[in-house]
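S.K.: The whole structure should be built from the sequences, with the hints applied where relevant.
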Amino acid sequence: MLTLQCPYCGVDAEETELTAGGEAHLKRETVGASDDDFEGYLFMRENPKGLHFERWRHSYGCGKWFLAARDTNTLEVFGTYPAQSKEPPKDLRDKISAKRPGWSWREFK
Amino acid sequence: MSTRLASGGRLLNRGRALEFQFNGKRLMGYEGDTLASALLANDQMMVGRSFKYHRPRGVVASGAEEPNALVNLGKGGKFEPNQRTTTTELFDGLYATSQNHWPTLEFDIGAINALFARFLPAGFYYKTFMTPRPFWKHIYEPFIRQSAGLGKAPKDRDADTYEHFYFYADVVVIGGGVAGLQAALEAGKAGARVLVMEQTADWGGRAVVDGVEIAGKPADDWVKGVVQALEKMENVTLRTRCMGAGVYDHGYILGYERLTDHDPVLQGPRHRLWRIRAKQTITATGAIERPLSFAGNDLPGVLLAGAVRDYLVNWGVSVGDRTVVVTNNDDAYRTAIALVDAGLSVPAIIDARPEGAGALGAVAKAKGIRVEEGKAIAKVKGKTRVTGVALCLQAGEGAVIDEIACDCVAMSGGWSPVVHLWSHCGGKLKWDDAQAMFRPDPARAPTGADGEGFVLTAGTSSGELGTTAALADATAAGRAAAKAAGLKPKTGKAPVANDVDETPMAAVWLMPQGAGAELKMKAWLDYQNDVKVSDVQLAAREGFESVEHTKRYTTLGMATDQGKLSNINGLAILSQSLNQAIPQTGTTTFRPPYTPISMGAIGGSARDELFQPIRKTPMHGWHVENGADFEPVGHWRRPYSFPRKGEGLHDAVNREIVNTRTNVGLLDASTLGKLIVKGPDAGRFLDMLYTNMMSNLAIGKCRYGLMCTENGFLTDDGVVARIDEDTWLCHTTTGGADRIHAWMEDWLQCEWWDWKVYVANVTEQYAQVAVVGPKARQLLEKLGGMDVSKETLPFMQWADGTLGGFPVRVYRISFSGELSYEIAVAASHGRAFWDRLLKDGEEFGIMPYGTEGLHVMRAEKGFIMIGDETDGTVIPQDLGLGWAISKKKDDYLGKRAQERSHMADPERWKLVGLETLDGSVIPDGAYAVGEGHNANGQRLTQGRVTSTYYSPTLKRGIAMGLVHRGPERMGEIIEFPKVDGTSVKARIADQVFYDKAGEKQDV
Ligand SMILES: [Zn+2]
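As they're listed, the protein sequences go chains A and B. Quick note on numbering: this note's numbering labels position 98 of the first sequence as 148, and the sequence is numbered without any gaps. Quick note on numbering: this note's numbering labels position 668 of the second sequence as 674, and the sequence is numbered without any gaps.
Everything labelled a hint here was simulated from the structure, so no lab data went into it. Treat the hints loosely; a few may be bogus.
Claimed, not checked - Below, in silico cross-link-like pairs of lysine-lysine (DSSO-like), each with a Cα-Cα straight-line distance of 30 Å or less: (1) B:Lys684 with B:Lys895; (2) A:Lys114 with B:Lys762; (3) A:Lys140 with B:Lys762; (4) B:Lys707 with B:Lys893; (5) B:Lys684 with A:Lys114.
As the list claims (entries may be wrong) - Beta-carbon label-pair distances, calculated as ranges: (6) B:Gly977 with A:Tyr110: 50 to 60 Å; (7) B:Gly977 with A:Gly111: 52 to 62 Å; (8) A:Ser84 with B:Asn585: 48 to 58 Å; (9) B:Val664 with A:Tyr110: 44 to 54 Å; (10) A:Ser154 with B:Glu757: 17 to 27 Å; (11) B:Asp841 with A:Cys112: 32 to 42 Å.
As the structure is a computational prediction, the values presented were derived from the model and not from experiment. Using N, Cα and C, we set each Cβ at its ideal position, and we do this for glycine too.
M.R.: What follows is the structure, given as structure tokens:
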């Protein structure tokens, strides 16, 4: 029963108000993509014990999708940010660096 | 003989006697009794039988850890199995029966299992009953079902009510012993919002039983003082009969309050589930005494030493006239001393430690108690209850030195902190060699959202067994929790107790240490599941090294007590067998709830009509009044058919279809999803969502569309109408409205967030009625108000207007193949419009039809149904829907996936019609068999039925199915085996069975 702060409405939302949406920052592959790239988009996912970036929707609240950086093991939440982000914002990356020096996740670090 | 003493019993109200029944016997107890103490007071030593061998079992503990004394409680709607007698407070009229026996508790056929104990070793479920295979179904399983099982499932619906309660706290304290109270006091004084939960009815825990003095006062007085102080604090909430059930992510805590169990005459909910968010949680859950593993340690009359003391002090019950105490630590001496002080006989204290006890040993000896140091119990004597013990050397193999007659054995193998709640959310443990216990490692606490620990332990549950140390630990915990919650704790000294010096305990995992096979086969670890020392050793010999595997193989700790007594002893035996240290073996996982909680409490008020609110259309009332036979569709209830008096359901469906095809039918289509998609980029957006083109749909026109997932699989379908330049109305399936709405939001918010599109789900804003049949137009013309002619409103167009004075939007779309108008009116007009259609339609022979009629008619037309023809693995191309896939578009969701090799494979199963040769109906879900067999010897399949119905129009069975290369095999005959062993042959045909040219709908 996590609580995550919705970056849109500011509510500390209970997990029961939220819908999990899997991994964040997936790049959509489509017509013209190689089989490997398309397979990666459809099926290949990170499965970290530790830092992870996820999609969540405040379904039983404002209805907005947002992204969250958290540790799947310690349950520490580093921050949430709008779904309209191509990458984790700088201040969040700095905050993670302070707690998890040398972290990396997919192409981000 | 177990009996009630003439005086004593600090929890008893001897002024109020209570009558209760056990196995039909009328017995007496007092207010303040538990069922266990009342049974013992009536010399009811045997209270049940064990799970596997049906061995006679008696009460062994006095609290939540009790593994044996479980009973069926109550009758009818109040019946509940597996209720712990030790945590069941006695009330007048309590009705209990024992379980796991047949025919009677005293004479049990299943006890014969015990004779076969040699043949029912660890893992016997996995080994013994594997072969021959038919034996499982006809011999082994019925035998196990008859003999095994913990209690019986209730048959009647639960007569009680339950509720949930939400609570927010700075500090939750779980456990109302002296440590919990002290921690709460410190947090409360700091101004924290505190909730204290105590699982029993009384405050104080063990200290009040053991006669400890705190701050110069008897513990009882000290506890009363602290509780009074806490009651005065407005920021503190106190709850007894409320168990901390679980600790979950980010400080979510579940409390389980039992409101009326102790007195069912009380009104109101029986249980209350507290759903709590706490900044900090303190577990002050105490410790549980461990049994010792010696032969016969499961006989009725062998109890934990602390429990014997509890029954004496709290309830004035003497479990036996002559009690032998056996121990590996000093604490059990308190039991011996208390018994002697109460005038009872303690023939011996058997202490496994060669050096014996400290100060308490001297007290015991001074009272004339025989103390046997370095000794052990070789075996307990007696058949259904203890009659004596055989004494031996702990260091030896069990050669009997002496026999001591007794009727009770009080054992103590040391104490294990209750670390369950600490561990639920990831708190780690460390092994304390000196006290032979796992204790919480404060450096590795469960962490919350901020990455900091949110659980603290206090007192004995930290591993601090002395009262002074426990109080100091609790003081620190209370202050630390308040501080972590952002408050300023007070300073000052922690209260001090009158502890005596104790000699360290000795780890004794088997008694005597060299016990041979015969003894180990009688030394129980898990009482409820009948797991013995020999079973765990066997598992180790058979290669089970992981404690989690051993647990499942032997079932150690898997009973309803979740191994509260057995786990550490079992771990130790396993570690010895594997020749490794206990921490290397590790523990099994502690999972919530701490003890079982009622299903009713979990459900709370979410039962019956509140369990899942039913969605009803505006015409629902009419359907009910007119005898509709409903079926669930999503959260909706839709009429399946409207059978008339004396008419069978099948006949009703056929009547409705025939009438619709010959006169006019009426369908409540309000449940269809209706999504308005609006904005400058709406057309572009819909082109991405649908496989076909929607941006070029002319205003005023309708188009059937398909939606796929990114995997290419068909996920929804429906008719799209272009309303104006930048507005489309998308119909979805009944079950799909919310899902497709969310799907659109996901793409708009997360992928194409710069596209200017807005989506609104207006499903419930409109009632929608399909007026279907050759006389549909005549009916609408009678209502009047707008031109519904073919010329003005042709097939696949829509128009706004009025009909019979109702503002309407009329869609010329058809799911039946007939002339059809789907008419949307404001939801508030729905019922009136429906009534009007029925009234005006009388002269045309109008009849409503239900979902089954809808299904049959669409199948007669070969239209697909999401969920019938699709199952999440079907692409539009499989269904011959290539015509609905745009070749012009560069992209749509699912397009790339449909290019993947397996999707483009010509070997796929594809949709065809199926005509049975004998005209019968193929059973739903039937598979067509092909040539040859698979590796399991099963016939290979080549297709399956997706929709199958009796067509009253064609007066024969019709079906659609997915068949290997189906469309290329028109006219071929394939065979569908039936459950009864016969099979039905069907010819592959065009899936459109009725009006192939589509002339009837386009008139
Ligand atoms: Zn929100």
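S.K.: Next, verify each hint and record whether it holds.
M.R.: Structure-based check of all given hints:
Between B:Lys684 and B:Lys895 the CA atoms are separated by roughly 21 Å; this keeps the pair inside 30 Å, and the hint holds. Between A:Lys114 and B:Lys762 the CA atoms are separated by roughly 16 Å; this keeps the pair inside 30 Å, and the hint holds. The straight-line distance between the Cα atoms of A:Lys140 and B:Lys762 is roughly 28 Å, inside the 30 Å bound, and the hint therefore holds. Of the pairs offered as hints, the one joining B:Lys707 and B:Lys893 holds, with about 21 Å between alpha carbons and a cut-off of 30 Å not exceeded.
With a CA separation close to 18 Å, the supplied pair B:Lys684 and A:Lys114 stays within the 30 Å bound. For B:Gly977 paired with A:Tyr110, a C-beta distance near 54 Å keeps the hint of 50 to 60 Å intact. Checked against the hint of 52 to 62 Å, the C-beta distance between B:Gly977 and A:Gly111 comes to roughly 58 Å, which is consistent with it. In this structure, A:Ser84 and B:Asn585 meet the distance hint of 48 to 58 Å, their C-beta atoms being roughly 55 Å apart.
A C-beta distance of roughly 46 Å is found between B:Val664 and A:Tyr110, which places it inside the suggested range of 44 to 54 Å. Judged by the Cβ atoms, the range 17 to 27 Å given for A:Ser154 and B:Glu757 holds: they are separated by roughly 25 Å. A hinted range of 32 to 42 Å for the beta carbons of B:Asp841 and A:Cys112 is consistent with their spacing of about 40 Å.
The structure shown violates none of the earlier numbered hints.
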